[in-house]
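Asks: Next come the chains, spelled out residue by residue.
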Amino acid sequence: MILEIPVESYNFSAAGEAASRVKKTLQRLGIDSQLIRRVAIATYEAEMNIVIHSDGGKIILQVDEEEIKVQAIDQGKGIADLELAMKEGYSTAPDEVREMGFGAGMGLPNMKKCADRLEIKSVVNEGTTVVMGFKNQS
Amino acid sequence: MDTRYHSVVLEEEKCKGCTNCIKRCPTEAIRVRGGKAFILTERCIDCGECIRTCENHAKKALADEFTVLEQYEYRVALPAPSLYAQFKTAKPENIISALYQLGFDEVFEVAYAAELTTFAIRSFLKKYFEHKPQNKPPLISSSCPAVTRLIQVRFPTLIPNLIPIDPPYLTAAKCFLREKLPLLNLPREKVGIFFISPCPGKITEIKTAQEKVVDGAFSFNTIFRQLNHCLRQKKPPAVNQLSSGVGIGWARAGGENLAVQVENAMAVDGIHNVVALLEEIEMGKLNEIDYVEATACPEGCVGGALTIENPFVARVTLRKLADFYGDRKLPEAVCQKAEALLEEDQAFFNYQNPLPAKPILQLDSDLSTAIRKMSQLEKILNKLPGIDCGACGSPTCRSLAEDIVQEQAQLTDCIIILREQLEELAQKLLVLAQIKPPAMGSLMEKEGKNDP
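Protein sequence lines, in the order shown, are assigned to chains A and B. Numbers in our numbering are just positions in the first sequence, counted from 1, shifted up by 83. Numbers in our numbering are just positions in the second sequence, counted from 1, shifted up by 3.
If we take Cβ atoms under 8 Å as the criterion, some of the chain A residues that face chain B in the derived model are:
id : residue
1  : Met84
2  : Leu86
3  : Gly99
4  : Ala102
5  : Ser103
6  : Thr108
7  : Gln110
8  : Leu112
9  : Gly113
10 : Ser116
11 : Gln117
12 : Arg120
13 : Ile124
14 : Val146
15 : Asp147
16 : Glu148
Rather than coming from a laboratory, the hints here were simulated on the basis of the structure. Keep in mind that this is a model prediction, so the values were computed, not measured. The beta-carbon is built from N, C-alpha and C at its ideal position, and this holds for glycine as well.
Could you put the whole structure together from the sequences, leaning on the hints where they help?
Replies: In structure tokens form, the structure reads like this:
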């Protein structure tokens, strides 16, 4: 089962819709609600990263019996220093975004906390692909 | 518990089969089939939104009839504070006196119980905040039954955030049973305790309770005429009311928060607003908020689906009453009383049972089947026009797709698809109609090519 949801750059009013659709889809599948919560929060963070830091991209949800896989793929400036980006509180978000209450530097650390596996591939000035895997406990 | 019981029902003869209610239902629990709406019972949360929406008044709540009182030797009324806001001039003491006049032997004000509940919530929160976990979603009030049910069916991860304190009407009944019943020398079954309810949610809760604390419920509608009749006699009040403005104020949105006085509290009213806010809470977006008062009805209980007065007018009336009787400070006597109750029984105000999750959204209990159905659903959804017209009897194209996957509907239930198929058929018919029979010339056309 594959679901692909486009995410627009800098569209803050629509931000969160991809995570919400992922959540609803998983509810339809009868996934354990605590697991859904982890996936939803991680997806929300990934979605916000696309909104804040990229020129746009998409969230892809794939589910099979073993794993829930969420990919966040964007085109844009990419991540220059991945190790630094994984640090809690480190953020490259512009001030105007922080003033809205986003970009606190907790996105990637939260995703790492929520997901069972996290892979990040990023090329500067091209874009970033984040892959998160969650084991299905059923 | 009989989970299939709902106080919200359809009066078939009044239903015209329009799609107003299916579009407003927050759990997509209504379909129109065979020209009539019907409720998918496992999904209904008894919020009463359909009662409010239906222009033909085809949805109603099954409350008790007044004659049920005859079965009891001693009758107790538990009037909701929102009842006080249904009358423009009558004061609470007049309304309480009128209830005695109607044949109740005792009136126990839910507004007063709300003040005891206020104290209980304050004590609970005080303990909670001493060891408040960092970065956790806010606690949520349990006083609105439609909201607690909504959480059970749509937001089960938030069940632990509901504070385990009974709503005021239950506390009122529990207080009566504890303190007054032993003095009556009557067996419990001879005593009838009745809540006078502004909403179907509480009626359902009462009717489906595992352990009967309250024996039944009247809607404002049932009682309004007789009560109004008594009030028009303008007799001087026979009793004084016990509650202050703090308890009375609970009936409007924000009133509980004002009573409980938590910093960083938030109030939300109207079931669709509640859904939107719970979505945010579940995503962890409101962790800086400590307490959420959520009521399904617009303006809070004064906007209940079974009330008479316009919610906004009722809200003003109630605000004035609350102000008049003092809504800034919880009376000292209430604090002492609640403290004494807690000392006797620490769990006095608590739920009897933890709330179970009742997920309604899953397509199948088997994951592989659910995944297969989900893929099918998305495929069907792509074919559907996406205009959510409701003419198929399902509230949205997505829910029609779901109904088709669950074999409760078919693709041609969509009138757009049906028209497309008709168009195709019509074109085929035209082609067929234009073919001439051999006697009229089709042989001639073929002659040049096929004649050997």
